[in-house]
Amino acid sequence: MGIYIYRDSEIILAGYFCSEEVGDPISPATSPEFLESSSPVESPRAPARRVPTRSQGSCAPSDLRDRTGSLDSSGSESDYAVSGRKRGFSQVEVSPSQRLSRQNERDNQRDISQRQHAQFCTQRCLLGLQNGGTLDNSCPNVHIHRQSGDGVQHPINAAKLVLCLKQQIDENIDRCIPFGTCGSYGAPFKLTCSPYGYTVVGKGTTSGLWQQHVSREAEIYQILLKAQGSAVPVFFGKMDLAKIYFLHGAGQIRHMLVMGWAGESTAKLEQTAELRREIKRSKKKIRALGVRHLDLRPDNILWNAELGRALIIDFHRCELDCRPATDRSSSLKRRRRKVQMSGAKRVRVI
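Residue numbers (our numbering): 11 to 360.
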């Protein structure tokens, strides 16, 4: 059993475990798209080393091998072989193209390392970018943002951010840095836009899940525009990748949603009164905008310490309420009164 990494101009296969007979990386018996993964995805993907599975045969006839092996070690043939190897090694020179290739490889490794260690931008920073506002001084990347602008305003807008990310990823697919845990409908990637220093999240998914479920989320985030940065993360748009990123346990990543990092899963946190209050507050806000989330598990509600707010994600399962806001509010009040009346105790007078 070995670990292979295959690489060509069209597809990157990362962390693909296989044996001598390589089959379909995603078993039809499990899922044609995503496999549930309970273990975190390792972001630094160390280069894999192929482990030989069988001995290498020789193409030389057996009698030639026997003659070669029976050469006298003190003879001229042996001396010539040794001296020839030494001379050949000493005469090897690195061509300019080889030096350039090695330099490019070192630069690429340095670039990937910097992306792996980059910190996510704050929600306030990204909200300012989306709205054309000012920089957030508390953003860990604000010093990089300032290098390309006037030091006050954001140097680019939201549309240019998505375009810049796509161009850089299409040039080198390894600029997608997987992190966290794969979900049922997507896997999180860390994306950094150079040279502006904006670091955000890309929710990557397969073509099948994109068409059936995930692409619809982009429309939902637009409906929830007023809630971005307070009840849901700041959302920038979607990308169709020119190359395929194969992520073990997820599948062939072809599409991404681009948004800000929302925070930590509330499933890992103590359910304090403050947390419950903020979750209720965010639910109420998206409901008031006409979106009914149908999968409000703790993993889909993240705590953002920067804002002190609970941010809701993963809107692939939701319903839209197209009634006017006043009608939705009146309906909600009627339901609350009905619940209160049904729970009240009736006193019987004898």
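Note that these hints are calculated values from the structure, not bench results.
C-beta atoms are modelled at their ideal positions from N, C-alpha and C, and glycine is treated no differently.
A portion of the hints provided could be inaccurate.
Result set (DSS-like, lysine-lysine): computed pairs, CA atoms no more than 25 Å apart in a straight line [said to hold, decoys possible]: (1) K253 / K294; (2) K176 / K248; (3) K236 / K295; (4) K293 / K278; (5) K278 / K248; (6) K170 / K295; (7) K170 / K248; (8) K278 / K295; (9) K293 / K236; (10) K290 / K278; (11) K290 / K236; (12) K176 / K278; (13) K236 / K253; (14) K170 / K236.
Simulated restraints on C-beta separations [stated by the list, open to error]: (15) D305 / R109: 47 to 57 Å; (16) I233 / R120: 38 to 48 Å; (17) P205 / A228: 24 to 34 Å; (18) E284 / R109: 50 to 60 Å; (19) E115 / L304: 45 to 55 Å; (20) I122 / G159: 54 to 64 Å; (21) I233 / V104: 26 to 36 Å; (22) G318 / R120: 33 to 43 Å; (23) T282 / I233: 44 to 54 Å; (24) P106 / Q232: 48 to 58 Å.
Status of each hint after checking the structure:
1. K253 / K294: It is violated: about 40 Å lies between the C-alpha atoms, which goes past 25 Å.
2. K176 / K248: Roughly 9 Å separates the two Cα atoms, so the pair holds.
3. K236 / K295: Given that 25 Å is the threshold and the Cα spacing comes to 9 Å, the pair holds.
4. K293 / K278: Answer holds: K293 to K278 is near 19 Å, not above 25 Å.
5. K278 / K248: violated, 29 Å
6. K170 / K295: violated, 29 Å
7. K170 / K248: holds, 12 Å
8. K278 / K295: Given that 25 Å is the threshold and the Cα spacing comes to 23 Å, the pair holds.
9. K293 / K236: holds, 14 Å
10. K290 / K278: At roughly 18 Å apart (the allowed maximum being 25 Å), K278 and K290 satisfy the hint.
11. K290 / K236: Given pair K290, K236 holds - Cα atoms ~17 Å apart, limit 25 Å.
12. K176 / K278: violated, 33 Å
13. K236 / K253: violated, 34 Å
14. K170 / K236: holds, 21 Å
15. D305 / R109: 47 to 57 Å: Cβ of D305 to Cβ of R109: about 54 Å, so the range 47 to 57 Å holds.
16. I233 / R120: 38 to 48 Å: holds, 41 Å
17. P205 / A228: 24 to 34 Å: With Cβ atoms ~27 Å apart, the hint holds.
18. E284 / R109: 50 to 60 Å: Roughly 59 Å apart at Cβ, these two residues keep to the hinted range, so it holds.
19. E115 / L304: 45 to 55 Å: With a Cβ separation near 47 Å, E115 and L304 satisfy 45 to 55 Å, so the hint holds.
20. I122 / G159: 54 to 64 Å: Distance hint for I122, G159 is violated at roughly 26 Å.
21. I233 / V104: 26 to 36 Å: Given about 58 Å between the Cβ atoms, the range is violated.
22. G318 / R120: 33 to 43 Å: holds, 37 Å
23. T282 / I233: 44 to 54 Å: Violated: the Cβ-Cβ distance is about 30 Å, outside 44 to 54 Å.
24. P106 / Q232: 48 to 58 Å: This hint holds: roughly 51 Å between Cβ atoms.
In terms of the numbered hints stated before, the structure departs from hints 1, 5, 6, 12, 13, 20, 21, 23, listed from lowest to highest.
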